[in-house]
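K.L.:
Sequence:
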Amino acid sequence: MNPRDPRSGSAVPTGHREPEVELYRALVMQSSDCLIVHDLEGWIRDVNPRACKTYGYAHDELVGMHLRVLDPDYDERSEGGAIFDRIEADEPMVFEARQRTRDGHVFPVEVRISLVRFEGETLVQGLCRDITRRRESEQRLRESEERFRLLLNDVEMVAIQGYAPDGTTQYWNEGSRRLYGYTPEEALGSNLLDLIIPEPMHDEVRGALAAMARTGRPIPSSELLLRHKDGSSVEVYSCHSVLQRPGHRPELFCIDIDLGEINRGKRERERLQTELMQAQKMESVGRLAGGVAHDFNNMLNVILGHTEMLLDDLGEESHTRAGLEEIRQAAGRSAELTRQLLAFARRQTVAPRLLDLNASVEAMLTMLRRLIGEDIELCWRPSPSLDPVEMDPVQLDQLLANLVVNGRDAIGRGKGRVVIETGTAELDEASCARRAGAAPGSYVVLSVSDDGHGIDERDLPHIFEPFYTTKKAGEGTGLGLATVYGVVKQNDGFVGVESELGAGTTVRVHLPARAGATATPPREAPAEVPVSVRGETVLLVEDEPAILELGERLLTSLGYEVLAAASPGEAIRVAREHDGPIPLLITDVVIPEMNGQELSENLREGRPDLVTVFMSGYTTDAIAHRGVLDDGVRFLQKPFSRRDLAVRVQEALEGR
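According to this note's numbering, the sequence shown is numbered sequentially starting from 10.
Everything labelled a hint here was simulated from the structure, so no lab data went into it. Just to be clear, a hint being listed does not mean it is correct.
[Stated by the list, open to error] Quick list of the computed label-pair ranges, beta carbon to beta carbon:
#: 1; residue 1: LEU469; residue 2: ARG426; range: 18 to 28 Å
#: 2; residue 1: HIS257; residue 2: SER41; range: 42 to 52 Å
#: 3; residue 1: LEU319; residue 2: PRO393; range: 49 to 59 Å
#: 4; residue 1: ASP653; residue 2: GLU607; range: 20 to 30 Å
#: 5; residue 1: GLU208; residue 2: ASN272; range: 18 to 28 Å
#: 6; residue 1: ARG467; residue 2: ARG426; range: 51 to 61 Å
#: 7; residue 1: GLY225; residue 2: GLU130; range: 46 to 56 Å
#: 8; residue 1: PHE104; residue 2: SER146; range: 15 to 25 Å
#: 9; residue 1: GLU663; residue 2: GLU371; range: 27 to 37 Å
#: 10; residue 1: ARG467; residue 2: TYR246; range: 24 to 34 Å
[Claimed, not checked] EDC-like, lysine to aspartate or glutamate: derived pairs with alpha carbons at most 20 Å apart:
#: 11; residue 1: LYS424; residue 2: GLU558
#: 12; residue 1: LYS238; residue 2: GLU260
#: 13; residue 1: LYS424; residue 2: ASP468
#: 14; residue 1: LYS62; residue 2: ASP112
#: 15; residue 1: LYS238; residue 2: ASP203
#: 16; residue 1: LYS62; residue 2: GLU183
#: 17; residue 1: LYS238; residue 2: GLU279
#: 18; residue 1: LYS424; residue 2: GLU466
#: 19; residue 1: LYS62; residue 2: ASP42
#: 20; residue 1: LYS238; residue 2: ASP267
#: 21; residue 1: LYS424; residue 2: GLU383
#: 22; residue 1: LYS238; residue 2: GLU277
#: 23; residue 1: LYS238; residue 2: ASP304
#: 24; residue 1: LYS238; residue 2: GLU208
#: 25; residue 1: LYS275; residue 2: ASP304
#: 26; residue 1: LYS62; residue 2: GLU119
#: 27; residue 1: LYS424; residue 2: ASP384
#: 28; residue 1: LYS275; residue 2: GLU325
Think of the CB as a built atom: it goes at the ideal place given N, C-alpha and C, for glycine as much as any other residue.
Based on the provided sequences and hints, a complete structural model is requested.
P.N.:
Printed below as a string of structure tokens:
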């Protein structure tokens, strides 16, 4: 290296070169850093090749140039005295600065300067390292860290905290605030033991933090029950990590996932799945019950019909009469069971009306008190100003009687209380999500409570299933609440039960309120009408031979002329071949070839004055919608008695 006079440009004498000097010169010339030697006033004496390449000047151009040409901040940095006056003789100064190339490009450098004495003169040796890439990397790192910090802070479903090895909180994201209730201002600087760790876990947590800081390895993830700001428990799945940066103490991080939220969602999904499966099961059982009731009603019709005819043929003193009466009573009880099955299956025939629920309940109180007996108190608590509900009064009677009898049986032989209440409810989407079968809207609520022994939690999911009973053998059929369920569902409502062993039971029935409608007054029971027969011709169609034979015998015994047919095709042929009038058709609804409604329409094309009475064990969509008979439809429910048949035929023929 040949220092030059900045004014003359001539080389400064170097004297004798020792081998060490030559070695130093070789190192400097090959250095990847820029070397600039200048005097204390800032005039450059010598540079290495890297400096020439970096700044874009030739060697001869740089030698003799002042530093302010290369350093845009030279004057500012030298303000108040030359920076070189502050350099310790035995300790270099390191700082960051900006440098400028020949074409005006400014770039960052790290400068290391130190004093050297050469041939009695004090010079400054400066090493400049281009730190552009380092600055860019640092900037990218800062931006990445900022993005990561913002990302972590915005993750609300995951709580992330950073701790020092002693448990001092150093990071607290928005998810932690949501999960534990503490704001970052409250949490930062506090110890996690005081924030979220229950006291029994303090020693265990201290040991875990110490182990992570000592080994640099995270402890295994686990499920923990931690503490919210309000003192409540927080169930979390906790994962841990250790961050070790050079020159820094280990940083411990924890990621907590709210298991309470997950478990609530899981429980809600399980509840909805259970309700769906229960609804599907109830629907399947309902279809089965309807089919069984239909076939069973046919058999009961044969039993009841023939029993009645035998009783009519026997004298009052016959020794077989008592046995036949027992048969008729048993068949009657069986018919009641099928009616309950049809109610559950939502296939019983109904005639809905707008009812004042309070007035309807009050009209039943005397009968209900007789049902429960003198030892049980019946309390009636009506709510004022109820909107009407639309349902068949007979169904309301069924519903109330079953609920009150259920309460009576739950109380048993001791004294107790059954309470009937009415009220209203407005349900939104959120409320309906917690109630099986509910839809948003306005409801009138009928509640029946008892202070009996209650229902075991294991039995609650099954209490509306037909033939499921918690009573002892012989004390119940298991159709009471099944009937209630069917009645309520048929009327677009829903029913729920609250019960606890030893604390009684409450059944709440929600029926849609008909706001703005006016309830119709109760109808009085019709007076007994004597049956009169004028010998008209009746076309009877039934595919069950026993029912066809029974119907023919009953109608004949009543004085009618009967044309019997076992199928629609036969009925059409018989009607076509009959010369006289046929004022009445009695047909089963469910028959082969075509249903009863289609048969009636076919026959009316040739006999427009033909009147039809439909008979069935249950209603179908052919003549009813969800059990509600279409307008003008005359229906005879199986099983029917001789008098039922006589009255329905007379009403049809008289146009009633």
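K.L.:
Now tell me if each hint is right for this structure.
P.N.:
To see whether the hints hold, each was checked on the structure:
no.	hint	result
1	LEU469 with ARG426: 18 to 28 Å	holds (22 Å)
2	HIS257 with SER41: 42 to 52 Å	violated (29 Å)
3	LEU319 with PRO393: 49 to 59 Å	holds (55 Å)
4	ASP653 with GLU607: 20 to 30 Å	holds (25 Å)
5	GLU208 with ASN272: 18 to 28 Å	holds (24 Å)
6	ARG467 with ARG426: 51 to 61 Å	violated (26 Å)
7	GLY225 with GLU130: 46 to 56 Å	holds (54 Å)
8	PHE104 with SER146: 15 to 25 Å	holds (20 Å)
9	GLU663 with GLU371: 27 to 37 Å	holds (35 Å)
10	ARG467 with TYR246: 24 to 34 Å	holds (31 Å)
11	LYS424 with GLU558	violated (53 Å)
12	LYS238 with GLU260	violated (24 Å)
13	LYS424 with ASP468	violated (25 Å)
14	LYS62 with ASP112	holds (12 Å)
15	LYS238 with ASP203	holds (10 Å)
16	LYS62 with GLU183	violated (52 Å)
17	LYS238 with GLU279	violated (30 Å)
18	LYS424 with GLU466	violated (24 Å)
19	LYS62 with ASP42	holds (11 Å)
20	LYS238 with ASP267	holds (15 Å)
21	LYS424 with GLU383	holds (9 Å)
22	LYS238 with GLU277	violated (26 Å)
23	LYS238 with ASP304	violated (65 Å)
24	LYS238 with GLU208	holds (14 Å)
25	LYS275 with ASP304	violated (43 Å)
26	LYS62 with GLU119	holds (17 Å)
27	LYS424 with ASP384	holds (5 Å)
28	LYS275 with GLU325	violated (69 Å)
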